[in-house]
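Those protein sequence lines, which keep their order, are chains A and B. Everything in the first sequence is counted per the working numbering, starting at 1 for the first residue and increasing by one. Everything in the second sequence is counted per the working numbering, starting at 1001 for the first residue and increasing by one.
Be a bit skeptical, because a hint or two may be false.
Here are the simulated distance ranges between beta carbons [as the list claims (entries may be wrong)]:
hint, chain 1, residue 1, chain 2, residue 2, range
1, A, Leu207, B, His1123, 52 to 60 Å
2, A, Pro15, B, Asp1036, 28 to 36 Å
3, A, Lys242, B, Ala1196, 54 to 62 Å
4, B, Ile1118, A, Arg339, 32 to 40 Å
5, A, Pro380, B, Ile1228, 15 to 23 Å
6, B, Lys1152, A, Pro320, 35 to 43 Å
7, B, Asp1005, A, Gln26, 35 to 43 Å
8, B, Pro1074, A, Gln2, 49 to 57 Å
9, B, Glu1288, A, Lys359, 41 to 49 Å
If we take Cβ atoms under 8 Å as the criterion, some of the chain B residues that face chain A in the derived model are [stated by the list, open to error]:
hint, residue
10, Glu1024
11, Glu1129
12, Asp1143
13, Cys1157
14, Met1249
15, Phe1250
To spell it out: a stretch of chain B is covered by chain A in this simulated footprint if at least three of its residues, at any positions, have a beta carbon under 8 Å from a beta carbon of chain A; those stretches are [stated by the list, open to error]:
hint, stretch
16, 1026-1039
17, 1104-1118
18, 1219-1225
Hint data in this document are derived by calculation from the structure and do not stem from the laboratory. Every residue, glycine too, gets a C-beta built ideally from N, C-alpha and C.
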Amino acid sequence: MQGFFSSAKTKSDIPVGTTAFCGRCQLHKQKGLKHPKMKVAGKGRRRILIVGDAPDSVEDIKGVPFKEPAGKYFDDEILSDHGIDLYKDCWVTTAVRCFPKSSKGKYREPTSAEIECCRPHLLQTIRKLKPIAILAMGIKSVGSLVPLIWKSSGGNVSRWRGWCIPSHTFNTWVSFSIHPLAAKIAREKKQQGLYEIFLHNEIKEVLKKQDRPYTKIPNYRKDVKLVYDTSDICQLIQKTIKVGRPTAWDIETNCLKPETPGADIYSCSLSQLKGPTFAFPTTSPVVRKALVKFLRSPVKKIASNLKFEDRWSRSILQTPVRAWWWDTMLAAHVINGNRGACSIKFLSFVYLGVPIYNKSVDDLLRATGENGLNRIMDIPMEDLLVYNGLDSLLERDVSMLQRAQFRKA
Amino acid sequence: MDKIDRLKFLQKLETLSAGLSSRELIEQSSCFVFTDGMLWTFNDAIACSRKSPLDIPDCAVGAKPLLELLRRLPDESITISAADKHLMIKGKNKRGGIRMEKEVMLPIGSIDSPNKWIKLSEHFLEALEFVVGCVSTKEDSFDLQCVHITKKFIEACDNFQFSRYPLKMKLENSILVLGKMIKSIIPLGMTEYSIAKGWIHFRNEAGLGYALRIYPADDYLDFSKLTITEGKPLSLGKTLAEAAERTAMFAEQLLDDTHNIHVELSKNQIVLKSESIDGFFQERKKAEYKGDKINFQIMPEQLALLARNYRQTLISDNRLTVQTDNNAIFVSVIEKKDD
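Work out the full structure: start from the sequences and follow the hints.
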């Protein structure tokens, strides 16, 4: 039976708790640990929180994170160049607070379960200290932090390093870098160049941030207008053509390939530079005609993965797109060709700090196989249009930041 | 060494059992923790505390064996003391020891202390009882597992039934509290509450304190449309509840996950039907109804609940609504079917 709302709309995740699951993890009960559940160190004068992976034997003996040789190298050789004292200017903690020992008593990488158990502690630390910037160093700290601000799968450091993200979740800047140990090893092998440059650059970016990213967290949803009336839609499209400013456009379809039998476009959204963003259903032939007019107009067009929109407009709307101007995905490949770093969801997060916004439609928009149909029909039109509108609005804003980045380069 | 009344001690412990966890994800979350003259349980979502009835050093004692032993002892009064590794419990000619940990590791420090205590409305517990049956048990929707408390009302919905009870609360922002946790305060006669950072505290006159984790309600669904009462009057006979439960028999065997029964409503008559591969059931009952013929599906337990508790309802195309004398609203979804 259908409930009051669609199941997509009622879906919501369990918030991460703030009590560490030490009872499940049990790392603190390993024999011979000197400092289990290591406390956060440092005075944090510059309100920067540094998050490492997990303490090793030296840090366990001393009871302070980053007190091992790699931490000392980071403090003495990297931070000091920027006039920063690790323990005076920053707070220092680790993704896992206990020294994870191998069966031989040596350091081993903490497991994902151990990271998950300790994540509530990191959350509590961030909420308590309210840092202006967080620098997560190393793959385990990425794995601990990313699910708190974006989505559960973090990926590797190379996907994240180099970004200084204005996170909505904590209203703080979040940056990622390689673990200092990697740079130290590279230096010892006389290959210091690149990794040290990474570290210096990321520190430099973090230090530029003197204040929180926002006085008020932006609400992109309120900028998306949902339009259902055919004549209103046609008028807005006509106005977009008339104003002539670059416009991001995005469509929602019932499968990946327009050649699939039954393939169709269900909704579209346009987001004009310095202008409105509106999303509308595309079932009416009159609306489609107006849309074709827009696509053939000289208005400069922005998209994410333009070849998708181009292929669909040629196949379903029977028109090529005139005046392609910017593709956020293509630009992302040029800026940072890392795997998983080019989708509009990722880009709007790293550039604008926007958390995941497709939860309510994600499952239903996923097609079964490359040529299968998705379940777009089951998404309430309002939800689909909100999602569609956010896509084009964020494509527009991301494209502007990418263009600025290109100009700077 | 304390000599105490076994049953009273057991009762005191049982009032704290909502804070116990069966799986010890958090250290000592399956224990009764004695610290600083207080007795605590805490499982991350709820913390329960009261003055310790025992004068023993700080320690944590496994809740399950302690409760079990106290329940099995026949003695009216027992003596309890702390030994090196055990909490010793002695009755006449018998003694038992429950393993205890001297180091208290239960993270009760993470619970923000209450600020100003505010008197609870005399209708709060009644309101809570009214709405809490509507919270969802489905794990894919955290928000719907919660009771939504606002300045003007409290409400809950599992997407198939919705209830709202008007009630004034002094809150800065609306909050969500897990339904299965807040439910536990209903029989405890709580009289005051206090909002702290991330927690809502309750306490009663006996000094029992419950702190429940609160969550922001920014994304909670807007149910205001459901509070518009509309439809034709339908009075359900009291015996309809049993009929609905009987009809549920074949609906339970259906493969879909809603297990609805079919209802045919016509002038002063209601027919309940269910059918599965094993057979069918049908029962006709009287109902005060003067509208057009309507066929619909409903969850049998909701129909039984409405018939048992409210009787006077309003039926529209997609819902059955009840409005109580104090303006509380209960809405149950129905799915209209064509002939």
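> Is it true that Pro380 of chain A and Ile1228 of chain B lie within 15 to 23 Å of each other by Cβ?
Replying inline: Holds, at about 19 Å.
> Regarding the hint that Phe1250 of chain B lies at the interface with chain A, is the smallest CB-CB distance below 8 Å?
Replying inline: violated, 16 Å
>> Hint validation: Asp1143 of chain B versus chain A, beta carbon distance must be below 8 Å. Holds or violated?
In response: Since the shortest Cβ distance to chain A is 4 Å, the answer is holds.
> Lying within 41 to 49 Å: is that true of the beta-carbon distance Glu1288 of chain B to Lys359 of chain A?
Replying inline: Holds - the Cβ-Cβ distance for Glu1288 of chain B and Lys359 of chain A, about 45 Å, lies within 41 to 49 Å.
> Are there three or more residues in the stretch 1104-1118 of chain B whose C-beta lies closer than 8 Å to some C-beta of chain A?
Replying inline: The restraint on the stretch 1104-1118 of chain B holds, since 3 of its residues have a Cβ under 8 Å from chain A and three suffice.
> Does the CB of Met1249 of chain B sit less than 8 Å away from some CB of chain A?
Replying inline: violated, 18 Å
> Residue count check for the stretch 1219-1225 of chain B against chain A: does it reach three with CB-CB under 8 Å?
Replying inline: holds (count 3)
> Can the suggested window of 49 to 57 Å be confirmed for the beta-carbon pair Pro1074 of chain B and Gln2 of chain A?
Replying inline: holds, 56 Å
>> Tell me if the beta carbons of Lys242 of chain A and Ala1196 of chain B are separated by a distance inside 54 to 62 Å.
In response: holds, 56 Å
> Is 32 to 40 Å a correct range for the gap between the Cβ atoms of Ile1118 of chain B and Arg339 of chain A?
Replying inline: violated, 54 Å
> Taking 8 Å as the limit, does the beta-carbon of Glu1129 of chain B come near enough to a beta-carbon in chain A?
Replying inline: Since the shortest Cβ distance to chain A is 22 Å, the answer is violated.
> In this structure, is the beta-carbon distance linking Pro15 of chain A and Asp1036 of chain B contained in 28 to 36 Å?
Replying inline: holds, 29 Å
In summary, the structure is inconsistent with hints 4, 6, 11, 14, 15 from the numbered list given earlier, while agreeing with the others.
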